[in-house]
Amino acid sequence: MMLKINYRMAMNSLRASRWRSFLTMLGVIIGIVAVVTVFSIGEGIKQSITAEAESLGPDVVTVLPGPQVQEREDIGRTFNPFASVGYSLTERDVERIRGIDNDIEVVPFLRASGTVGSGDDTMERAVVVATEGDVPLVLNREIRFGTWHESGAESSRDFVVIGSGVASELFGELSPIGRSLTIGDRSFAVRGVFAEFPRSPLPFMSVDYNDAVFVSSEVGDVLSDNGNTIFQVLVHGGGSVSARELSAEIETALSDGRDGSHDFSVLKRSEMINVYSGILDVITVAIAAIAAIALFVAGIGIMNIMFVSVSERTSEIGIRKAIGATNRQILGQFITEASVLSLLGGVFGILGSLLVNYFIRLFTPLQPVIVPELMVGAVIIALFIGVLFGAAPAIRAARKNPIDALRYHI
Amino acid sequence: MKHIIELRDVSKLYGFGDATTVAVEEVSFRVKKGEFVAVMGPSGSGKSTLMNLIGLLDRPTQGTYLLHGKNVARFSKWRQSRYRRDRLGFVFQSFHLLPSMTALENVALPLAYKGITQTRRLTQAGNALERVGLSDREYFYPKQLSGGQLQRVAIARAIVNNPEVIIADEPTGNLDSASSRLVMELLSDLHKSGHTILMVTHNPELTRYANRVVYMHDGSIIADEDSDIGSVPTLARKMYFRARKTEEDDLAGVSALMEAVPQMGGKKSSKKKPAKKRRTKSKTKKPKSRSKSS
Numbered sequence: 000m001m002l003k004i005n006y007r008m009a010m011n012s013l014r015a016s017r018w019r020s021f022l023t024m025l026g027v028i029i030g031i032v033a034v035v036t037v038f039s040i041g042e043g044i045k046q047s048i049t050a051e052a053e054s055l056g057p058d059v060v061t062v063l064p065g066p067q068v069q070e071r072e073d074i075g076r077t078f079n080p081f082a083s084v085g086y087s088l089t090e091r092d093v094e095r096i097r098g099i100d101n102d103i104e105v106v107p108f109l110r111a112s113g114t115v116g117s118g119d120d121t122m123e124r125a126v127v128v129a130t131e132g133d134v135p136l137v138l139n140r141e142i143r144f145g146t147w148h149e150s151g152a153e154s155s156r157d158f159v160v161i162g163s164g165v166a167s168e169l170f171g172e173l174s175p176i177g178r179s180l181t182i183g184d185r186s187f188a189v190r191g192v193f194a195e196f197p198r199s200p201l202p203f204m205s206v207d208y209n210d211a212v213f214v215s216s217e218v219g220d221v222l223s224d225n226g227n228t229i230f231q232v233l234v235h236g237g238g239s240v241s242a243r244e245l246s247a248e249i250e251t252a253l254s255d256g257r258d259g260s261h262d263f264s265v266l267k268r269s270e271m272i273n274v275y276s277g278i279l280d281v282i283t284v285a286i287a288a289i290a291a292i293a294l295f296v297a298g299i300g301i302m303n304i305m306f307v308s309v310s311e312r313t314s315e316i317g318i319r320k321a322i323g324a325t326n327r328q329i330l331g332q333f334i335t336e337a338s339v340l341s342l343l344g345g346v347f348g349i350l351g352s353l354l355v356n357y358f359i360r361l362f363t364p365l366q367p368v369i370v371p372e373l374m375v376g377a378v379i380i381a382l383f384i385g386v387l388f389g390a391a392p393a394i395r396a397a398r399k400n401p402i403d404a405l406r407y408h409i
Numbered sequence: 000m001k002h003i004i005e006l007r008d009v010s011k012l013y014g015f016g017d018a019t020t021v022a023v024e025e026v027s028f029r030v031k032k033g034e035f036v037a038v039m040g041p042s043g044s045g046k047s048t049l050m051n052l053i054g055l056l057d058r059p060t061q062g063t064y065l066l067h068g069k070n071v072a073r074f075s076k077w078r079q080s081r082y083r084r085d086r087l088g089f090v091f092q093s094f095h096l097l098p099s100m101t102a103l104e105n106v107a108l109p110l111a112y113k114g115i116t117q118t119r120r121l122t123q124a125g126n127a128l129e130r131v132g133l134s135d136r137e138y139f140y141p142k143q144l145s146g147g148q149l150q151r152v153a154i155a156r157a158i159v160n161n162p163e164v165i166i167a168d169e170p171t172g173n174l175d176s177a178s179s180r181l182v183m184e185l186l187s188d189l190h191k192s193g194h195t196i197l198m199v200t201h202n203p204e205l206t207r208y209a210n211r212v213v214y215m216h217d218g219s220i221i222a223d224e225d226s227d228i229g230s231v232p233t234l235a236r237k238m239y240f241r242a243r244k245t246e247e248d249d250l251a252g253v254s255a256l257m258e259a260v261p262q263m264g265g266k267k268s269s270k271k272k273p274a275k276k277r278r279t280k281s282k283t284k285k286p287k288s289r290s291k292s293s
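Sequence lines, in order, name chains A and B.
First residue of the first sequence? That's 0 in numbering that gives the first Met the number 0, and the numbers climb one at a time after it.
First residue of the second sequence? That's 0 in numbering that gives the first Met the number 0, and the numbers climb one at a time after it.
If you're looking for bench data, these hints aren't it; they were derived computationally from the structure.
By construction, the Cβ of each residue, glycine as well, lies at the ideal position given by its N, Cα and C atoms.
Please note that a few of the clues may not be correct.
[Claimed, not checked] Chain A regions said to be covered by chain B (calculated; three or more residues, Cβ under 8 Å):
1. 309-318
2. 322-335
3. 399-405
[Claimed, not checked] Mimicking BS3-like on lysine-lysine, the simulated pairs with C-alpha atoms at most 30 Å apart in a straight line are:
4. B:Lys32 <-> B:Lys113
5. A:Lys399 <-> A:Lys3
6. B:Lys32 <-> B:Lys69
7. B:Lys76 <-> B:Lys32
8. B:Lys31 <-> B:Lys69
9. B:Lys1 <-> B:Lys113
10. A:Lys399 <-> B:Lys76
11. B:Lys69 <-> B:Lys113
12. B:Lys1 <-> B:Lys76
13. B:Lys191 <-> B:Lys32
14. B:Lys1 <-> B:Lys191
15. B:Lys142 <-> A:Lys3
16. B:Lys1 <-> B:Lys32
17. A:Lys399 <-> B:Lys142
18. A:Lys3 <-> B:Lys76
19. B:Lys1 <-> B:Lys69
20. A:Lys3 <-> B:Lys113
21. B:Lys69 <-> A:Lys399
22. B:Lys1 <-> B:Lys31
23. A:Lys399 <-> B:Lys113
Isolated chain A, as found in the complex (with noise of 0.2 Å):
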């Protein structure tokens, strides 16, 4: 009943001077934008990796060269890419893999040097990867014009199939089949061209396969001089498997092969979820951190102008002590004023979110997501700010002693 009433006169005085009320609202719309933006973008980024990662195939898994993925005691799984030792999987331990079993499909993937182009054009964006087997299989995207490799036939020598990035930019058509392009010095015909990639939002750990052009594994021989390092290997169970049974084999099989070193890493497809989004939460957690000093500017902001308020409306407050007004009515309607001044902030600053995520999604490849329960959590976090900052200024017109408030002239 009182909360009903103590709202009825904040919307009032706070309309009385609306100006004001908008200035300091802005504080908190700019704090609550501020954080509900990097978490929206957060939480964007965590989805389309898992949409990437699911995009693998529940089947695949993924063996990455050196030690990337650790498990610590302190902080728990932690990734880092820096500890990716080149060399350190082998065409034998491809070979191992392959021998857990006949059904699985093992590809793997090199990095082969040599900068793609076609014509005068030239592409230094474009990765080229060398690789064998069925890569539509394990990447769980298909070839939307012409074919894969041939496995095995000689005739891939002089054939590429190529991402879409590669087919818009460099020929700036959907299919490009049968044209020319060269790597280094030599030249090939296109002979596929991938379905589009889901384009990903941490381009530094891992490799754009919309930019890719991949070759046959003999050729990557031929292009690098001194051999190529597998950046990764993804391994395709065949369905009578499952990736857990998976993982744990191509663990055993690599470990026989090396005399106790552990340097590298098995995946399965949750866990790359679990890992990359692992880091994005620290991150995002940090970014928000700092975001949510706007918050507390804006709380102090709203804490000043109460106070001004109080003091400036010190015979309103008389007034309302002398017609029977308690302490406790007196905080309850300025504490209820900061916190709708605050929770309307918030309301204002998740409409705020929402356009600046349109213009995010407008302007940039970044698909920010906002979720219910951030908008909860804004709104609850802004009645929060409204609270704890509206408190002392509450306080202070509810000490008023009655008589020397209704004497007081400004």
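Once you have looked at the hints, place chain B on chain A.
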């Protein structure tokens, strides 16, 4: 009849040490239920302070104040608030309405602190406004109303909780004579309907509405007489001219103080004494000081 208000040797002091001012000095004073008491006296005689003490807006420094036979000194702040809300009604010289609210909302405010629902609040407030003859001004804001109307709204607010005691501190001080009459008639009606009324006034004419007149000077009650409603009592009649003089005294006191302060370094002194000394001198400054004091 039972005494609704009883003061025993009540004093109110302001300040500390050398700067102590005695606003009310050992006043003993009793009010029966249903009385209409007019309190007269020059400015600074402690009338308003006495009203504030009685109205629980202030606490006495010394002495005992019994309200309904209960010692107010033992009241918590919360209980004081509740008494102000339910049993006391205030009417001030400068109205003290909230400018951001309509007349109706202003009148309904005491009910809000009682936790009454909005509809019932507004109905009761409407009834109160009707009693003061302002039904057609419910949705007017204070700045849209005349002084007399404002004071009637304030009276409506004072009576909306149907309090036993109504304390009016110079209710007609800011009003012209026509509005004053209206306001006084209203207070008189309230008196007739059983409310106890305490009214501070400068104007002896207004004592004709009261059935008891109390005279104060320098914080003490110097006279207390019953009077018939409708006639100005003898003491008040005598004080009519004195009141005028004291008003001059006041103005003289202000200008004397203004003159005195720069040389004296603002040393605290009783307002009255230098005023009397400089009365003749300050007459020339009267218009100036009037504008200052208003």
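Structure-based check of each hint:
1. Counting residues of the stretch 309-318 of chain A whose beta-carbon sits less than 8 Å from any beta-carbon of chain B gives 4, enough to reach three: the coverage restraint holds.
2. Here's how the stretch 322-335 of chain A fares: 7 of its residues keep a CB closer than 8 Å to some CB of chain B, so the rule of at least three is met and the hint holds.
3. Requiring three or more residues with a Cβ within less than 8 Å of a Cβ of chain B, the coverage given for the stretch 399-405 of chain A holds, as 4 such residues are present.
4. The suggested pairing of Lys32 of chain B with Lys113 of chain B holds, with an alpha-carbon distance near 24 Å, which does not exceed 30 Å.
5. For the given pair, Lys399 of chain A sits about 24 Å from Lys3 of chain A by alpha-carbon distance, which is consistent with the 30 Å threshold.
6. A hinted pair counts as satisfied when its Cα atoms are at most 30 Å apart, and Lys32 of chain B with Lys69 of chain B qualifies at roughly 15 Å.
7. Annotation: proposed proximity of Lys76 of chain B to Lys32 of chain B holds, straight-line Cα distance about 25 Å (limit 30 Å).
8. Distance check on the hinted pair: Lys31 of chain B and Lys69 of chain B sit about 15 Å apart at the alpha-carbon level, within 30 Å; holds.
9. With a C-alpha separation of about 27 Å, the suggested pairing of Lys1 of chain B with Lys113 of chain B holds against the 30 Å cut-off.
10. Between the alpha carbons of Lys399 of chain A and Lys76 of chain B the distance comes to roughly 11 Å, so the proposed pair stays at or under 30 Å and holds.
11. For the hint pairing Lys69 of chain B with Lys113 of chain B, the CA-to-CA distance comes to about 22 Å; that is within 30 Å, so the pair holds.
12. Distance check on the hinted pair: Lys1 of chain B and Lys76 of chain B sit about 26 Å apart at the alpha-carbon level, within 30 Å; holds.
13. Note on Lys191 of chain B and Lys32 of chain B: the hinted pairing holds, with a Cα-Cα distance of about 12 Å set against a maximum of 30 Å.
14. About 18 Å separates the Cα atoms of Lys1 of chain B and Lys191 of chain B, which keeps this hinted pair within 30 Å; it holds.
15. At roughly 26 Å between alpha-carbon atoms, Lys142 of chain B and Lys3 of chain A fall within 30 Å of each other, so this suggested pair holds.
16. For the hint pairing Lys1 of chain B with Lys32 of chain B, the CA-to-CA distance comes to about 7 Å; that is within 30 Å, so the pair holds.
17. Restraint check for Lys399 of chain A and Lys142 of chain B: satisfied, since their Cα atoms lie roughly 26 Å apart, inside the 30 Å limit.
18. Using a Cα cut-off of 30 Å, the hinted pair Lys3 of chain A and Lys76 of chain B holds, with the two alpha carbons roughly 24 Å apart.
19. Of the pairs offered as hints, the one joining Lys1 of chain B and Lys69 of chain B holds, with about 13 Å between alpha carbons and a cut-off of 30 Å not exceeded.
20. Our distance criterion of 30 Å between C-alpha atoms is met by Lys3 of chain A and Lys113 of chain B, whose separation comes to about 13 Å.
21. Proximity of Lys69 of chain B to Lys399 of chain A is assessed by CA-CA distance (about 25 Å); at most 30 Å being required, the pair is judged to hold.
22. Distance hint between Lys1 of chain B and Lys31 of chain B is fulfilled; the C-alpha atoms sit about 6 Å from each other, no more than 30 Å.
23. Restraint check for Lys399 of chain A and Lys113 of chain B: satisfied, since their Cα atoms lie roughly 20 Å apart, inside the 30 Å limit.
The structure shown violates none of the earlier numbered hints.
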